[in-house]
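Chains A and B supply the protein sequences, listed in that same order. Following the numbering used here, the numbering of the first sequence begins with 1 at its first residue and continues without gaps. Following the numbering used here, the numbering of the second sequence begins with 1 at its first residue and continues without gaps.
Simulated from the structure, these hints should not be mistaken for lab results. Only a predicted model underlies this, so the values are computations on that prediction, with no experimental measurement involved. Note that beta-carbon positions come from the ideal geometry of N, C-alpha and C, so glycine has one too. Treat each hint with caution, since some may be false.
Unchecked claim - Computed list of lysine to aspartate or glutamate pairs in EDC-like fashion (alpha-carbon distance at most 20 Å, straight line):
(1) A:K4 with B:E21
(2) A:K113 with A:E30
(3) A:K55 with B:D76
To be verified - Listed next, with one range per pair, are the computed distances between beta-carbon atoms:
(4) B:P52 with A:R143: 32 to 38 Å
(5) A:D125 with B:F127: 46 to 52 Å
(6) B:P22 with A:M3: 25 to 31 Å
(7) B:E71 with A:E48: 38 to 44 Å
(8) B:G139 with A:R44: 40 to 46 Å
(9) B:R85 with A:V158: 55 to 61 Å
(10) A:M3 with B:T19: 41 to 47 Å
(11) A:R44 with B:P52: 37 to 43 Å
Below, each chain spelled out in residue letters.
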Amino acid sequence: MDMKQPFEKLVELHGATVLRVCRAVVGPAEAEDVWQETFLAALRAYPELPPDANKEAWLVTIAHRKSIDAMRSNGRRPVPIEAVPETPSPHGVPGSGDDGCGLWSSVARLPDKQRRVIAYRYLADLAFNDIAAIVGGTPAAARRAASDGLKSLRSRLVASQPEGESA
Amino acid sequence: MNNTELGPVDIALAPELITVEPEVLGRLHAGLAERASREGILDVAYRIVETPVGKLLLASTERGLVRVAYEREGLDAVLNTLSERLSPRILEAPARLGEAARQVEEYFSGRRHVFDLPIDLALSAGFRRTVLQHLSGIGFGRTESYAEVARAVGNPKAVRAVGTACATNPLPVVVPCHRVLRSDGSLGGYIGGLDAKTTLLRLEAAAA
Numbered sequence: 001m002d003m004k005q006p007f008e009k010l011v012e013l014h015g016a017t018v019l020r021v022c023r024a025v026v027g028p029a030e031a032e033d034v035w036q037e038t039f040l041a042a043l044r045a046y047p048e049l050p051p052d053a054n055k056e057a058w059l060v061t062i063a064h065r066k067s068i069d070a071m072r073s074n075g076r077r078p079v080p081i082e083a084v085p086e087t088p089s090p091h092g093v094p095g096s097g098d099d100g101c102g103l104w105s106s107v108a109r110l111p112d113k114q115r116r117v118i119a120y121r122y123l124a125d126l127a128f129n130d131i132a133a134i135v136g137g138t139p140a141a142a143r144r145a146a147s148d149g150l151k152s153l154r155s156r157l158v159a160s161q162p163e164g165e166s167a
Numbered sequence: 001m002n003n004t005e006l007g008p009v010d011i012a013l014a015p016e017l018i019t020v021e022p023e024v025l026g027r028l029h030a031g032l033a034e035r036a037s038r039e040g041i042l043d044v045a046y047r048i049v050e051t052p053v054g055k056l057l058l059a060s061t062e063r064g065l066v067r068v069a070y071e072r073e074g075l076d077a078v079l080n081t082l083s084e085r086l087s088p089r090i091l092e093a094p095a096r097l098g099e100a101a102r103q104v105e106e107y108f109s110g111r112r113h114v115f116d117l118p119i120d121l122a123l124s125a126g127f128r129r130t131v132l133q134h135l136s137g138i139g140f141g142r143t144e145s146y147a148e149v150a151r152a153v154g155n156p157k158a159v160r161a162v163g164t165a166c167a168t169n170p171l172p173v174v175v176p177c178h179r180v181l182r183s184d185g186s187l188g189g190y191i192g193g194l195d196a197k198t199t200l201l202r203l204e205a206a207a208a
């Protein structure tokens with residue numbers, strides 16, 4: 001199909017996925033702002049996008065840049081990684097009663113690149129080739145970052161889970 | 001679930017990342033349409049309204065109402081055509097069509113006889129456009145024949161072309177091609193189907 005779909009269709013098909021990626025990358029509190037900036041920039045550039053482009057990879061690429069902008073303008077990472085905060089982060093999961101042990105906060109404490117690679121691979125379902133083009137480096141390095149991130153998530157979750165309690 | 005087996009699937013099951021409520025997306029979509037409109041990058045806004053002749057799609061450019069489509073035309077197909085012929089920068093943006101929706105509603109309730117909306121004839125050119133401009137002058141409750149329209153636009157032999165212009169009218173209801181009948185008084189064709197044409201003519205006969 002070489003016809004260009006109405007932009008409305010892109011929002012319908014990819015809006016939820018892009019929001020999930022934004023949540024994983026900048027945290028739930030700022031995800032919606034980044035989503036808006038992403039789709040606004042996408043709408044502006046859409047007429048120039050080749051009709052056969054991978055639209056989800058294109059949208060995630062824009063979301064990647066917008067999330068970096070958002071984190072820079074706030075002068076901080078979405079959630080501190082140096083230390084596990086004693087008090088709940090103000091940027092934690094709103095209204096979820098997040099006790100700092102949930103999967104989201106584990107994802108948030110991963111090094112930036114691992115967190116992004118995991119989001120782009122497992123929430124947006126992008127290939128490592130596409131992910132490498134977005135985050136830089138080689139596809140093999142992206143694959144390693146995903147694998148290291150998963151390993152790290154696994155050990156954090158095991159450590160935080162009392163025996164016998166199921167997730 | 002065994003926690004030591006955390007993998008992609010478990011991440012995909014983390015509800016705080018995965019669950020996206022329709023209300024959240026609806027709110028984000030509305031905010032996007034509003035900002036895009038304000039920044040002048042929403043080239044085509046559309047809205048779907050319920051009427052006695054079924055769902056109608058109303059689409060508007062910055063210049064005015066550009067398309068009215070019946071559901072039987074296939075709303076996806078209509079949007080695809082708008083994307084190809086006008087611009088792919090299309091969003092459902094009901095607020096941009098508030099006035100058009102209100103006038104259509106008034107028309108179907110018999111309270112409005114004349115549409116007072118900016119019109120964009122970008123989807124129509126040449127002879128067809130000339131015909132549409134003439135149709136806008138056929139008043140509420142009145143009808144003309146295809147032959148009369150052909151004479152009125154200065155091309156009395158072009159009866160068939162007038163029929164084609166009516167059949168491809170991008171703005172049915174608002175540009176009243178339903179007011180054009182065959183010379184013998186029979187209905188002829190209609191983009192919204194003959195039932196819709198009959199409904200519109202009866203509505204106008206009753207409210208005129």
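Evaluation of the provided hints:
Distance check on the hinted pair: K4 (chain A) and E21 (chain B) sit about 28 Å apart at the alpha-carbon level, beyond 20 Å; violated. Taking the CA atoms of K113 (chain A) and E30 (chain A), the gap is near 18 Å; set against the 20 Å cutoff, the hint holds. For a cut-off of 20 Å, the pair hint linking K55 (chain A) to D76 (chain B) stands: about 19 Å separates their Cα positions. Separation of P52 (chain B) from R143 (chain A) is about 59 Å and departs from the stated range, judged on CB atoms against 32 to 38 Å.
A beta carbon spacing of about 51 Å between D125 (chain A) and F127 (chain B) agrees with the range 46 to 52 Å that was offered as a hint. Judged by the Cβ atoms, the range 25 to 31 Å given for P22 (chain B) and M3 (chain A) holds: they are separated by roughly 28 Å. Between E71 (chain B) and E48 (chain A) the beta carbon distance is about 33 Å. The supplied range of 38 to 44 Å is therefore violated. For G139 (chain B) and R44 (chain A), the Cβ-Cβ distance of about 43 Å falls inside the hinted range of 40 to 46 Å, so the restraint holds.
In this structure the supplied range 55 to 61 Å holds for R85 (chain B) paired with V158 (chain A), their Cβ-Cβ distance being about 58 Å. M3 (chain A) and T19 (chain B) have their C-beta atoms about 33 Å apart, which leaves the hinted 41 to 47 Å range violated. Between R44 (chain A) and P52 (chain B) the C-beta distance comes to about 39 Å, which sits within the given range of 37 to 43 Å.
Hint compliance for this structure: hints 1, 4, 7, 10 are broken, all remaining hints hold.
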